[in-house]
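Colleague: Those sequence lines, one after another, are chains A and B. Heads up, the first sequence stops at 303 in my numbering, and the numbers go up one at a time, no gaps. Heads up, the second sequence stops at 303 in my numbering, and the numbers go up one at a time, no gaps.
There's no promise every hint is true.
Partial pick of chain B residues on the chain A-facing surface, computed with a CB cut under 10 Å [unchecked claim]: (1) N28; (2) Q30; (3) Y71; (4) R98; (5) W249; (6) M252; (7) T255; (8) V259; (9) G289; (10) A292; (11) T295; (12) A301; (13) A302; (14) D303.
One-sided excerpt, in silico: chain A residues whose CB lies under 7 Å from chain B [to be verified]: (15) M252; (16) G290; (17) I297.
No lab work stands behind these hints, which were simulated from the structure alone. Where is the CB? At the ideal position from N, CA and C, for every residue including glycine.
2 protein chains.
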Amino acid sequence: VELVDADALAIAAARLDGKVVRTPLLPSDRLTDEFGVPVLLKAENLQHTGAFKVRGMFNAMLARAASDHPPSGVTTFSAGNAAAATAYAARALGIPATVCMPPGAVEAKVQAVKRYGGEIVFTDDLVGTCHRIADEQNFLALHPFDDPDVIAGQGTVGVELMADCAAPALILVPVGGGGLISGVAAAVRAVQPGRTTKVVGVEPTTANAMTHALAIGEAAAPPTKPVSIADGLAAPFAGPNTLAHVQANVDDVVTVDDLAIRDAWWSLMEATKLLVEPSAVVGLAALRTGVVPVPASGPIVLVISGGNAARTGIASVAAD
Amino acid sequence: VELVDADALAIAAARLDGKVVRTPLLPSDRLTDEFGVPVLLKAENLQHTGAFKVRGMFNAMLARAASDHPPSGVTTFSAGNAAAATAYAARALGIPATVCMPPGAVEAKVQAVKRYGGEIVFTDDLVGTCHRIADEQNFLALHPFDDPDVIAGQGTVGVELMADCAAPALILVPVGGGGLISGVAAAVRAVQPGRTTKVVGVEPTTANAMTHALAIGEAAAPPTKPVSIADGLAAPFAGPNTLAHVQANVDDVVTVDDLAIRDAWWSLMEATKLLVEPSAVVGLAALRTGVVPVPASGPIVLVISGGNAARTGIASVAAD
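All chains, please: the whole structure from these sequences, using the hints.
Modeller: And the structure:
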């Protein structure tokens, strides 16, 4: 496996310039008061499609579109955010997208795919169906996280945040399949080979594909099917590419349980005035539960991965 | 009445540099698709204290603190956001704040004042109580909107957005007592004397102090007590300063009813991934109801005034 490097990140940043939102790195006075060090939020819920995913999927599709064999259509599998990102990028490139999603996908994510003209196939066999569609329709099967161009695209989150805050003490990144943290960590190491900034991933206890892959040393699926309130992090497995990036560049991957995620959900929204999905708050849950120690000084950056939350979920946590 | 000019705005911007958040001007692809022209959001819900108010109150208190008679304490009256802003600025300056709020104030706003160490007096006689406190305790009575330094501070919202988007076709601004729109319109006219950008204010139908003042030509209270789901806009009256600024610099002030505000509330949050209070969505309600025509081209800027929403209100609109 070849790791994403500074050149790949620069190419991705140039490709995506003007096509994705350069999201703000927002200070939170409330969270700064709570933890006693500056807390900053990389607000990818404010990204087009409401999640960081559009960076990686768009970068990969632009790369393929510029190749000798540009795709005539695209398919992927996803809890929803990668699906919406794929539909968004496909619309921009003028090609069709058919995406595979689990039957219980969050309605906001289903609507997002439809908004951008994507076709949805609901299936429990996400990977098999995706490959079948690719074969039958001669579409590009784009992996939602385990692809170097996808990782490089997600890495522009890290490129931007390191430009806006030169020396964070700690960056906390939600982990599903690991594309986001692979890209962010690559971007941090590219500008900071001395590793003064810690990059730590956070997974749900019950959707811990990366922790499992790290423990056994290979990207095999965990024995039980991942499920979590953080639906966007319930990837069925990590990939060889993302595992290698995490092994090389990430300081730690920790887990938080669904109760801690739910507790952090409303309070992050209330404190930061950002509408977010549960996957986006695992970093705050990790600080609150103490599974990641608060650094003695220097800013903490929380990567807020997305905002495509179930309306019923928001109603429920707001009513608590 | 002397109008806030470019010099006053520049002084306010310099005073507030580093003390307030330079909030992002965010593109919304969803609202852009809906209206067919670019829609941008000036996200003051992401401001310290969760609302634009800290700009004006902080600027005025910094101006008084630098005078020959710096205040030993400060009081104001407010539905909550100006109160929290006053408490925040007073804490920064090391002086006490006692604020007057209506008995039914939104709990999030009450908590915000307490978080920053402010004392609250709940009263229906907001102005009288404020003046009594000022007399008894020898505190500065700071008007929450009808003060040139407050207007200049709020004007930094306009200074920033005109720096980030040179030629909006239309800027929609929520109107309570009129401090925000007075400052924003002054900033627009300072850089654009040719008035190519329209600045339009939006009030609740049932809390229309500025519309009333414009109609009778003086800053007298409307005959009925203002009340609205947009609690932050229920100012009891406009002021001579804000009326004069609106007469001089604002193109129109329109009204939207509470049903239209409530309809716009969840959908703005869902589309933009910002947690906002009802006062912040009146601009979107004005476009949706057609009371403000969508310009043929050029960006629309919605000033998102704040995010201190009642938790029960969010639960209610999310559950609809």
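Colleague: Next, verify each hint and record whether it holds.
Modeller: Okay, the hints, checked on the actual structure:
no. : hint : result
1   : N28  : 4 Å, holds
2   : Q30  : 9 Å, holds
3   : Y71  : 8 Å, holds
4   : R98  : 8 Å, holds
5   : W249 : 8 Å, holds
6   : M252 : 5 Å, holds
7   : T255 : 8 Å, holds
8   : V259 : 7 Å, holds
9   : G289 : 8 Å, holds
10  : A292 : 9 Å, holds
11  : T295 : 7 Å, holds
12  : A301 : 4 Å, holds
13  : A302 : 4 Å, holds
14  : D303 : 9 Å, holds
15  : M252 : 5 Å, holds
16  : G290 : 3 Å, holds
17  : I297 : 4 Å, holds
Every hint from the earlier list agrees with this structure, and none is contradicted.
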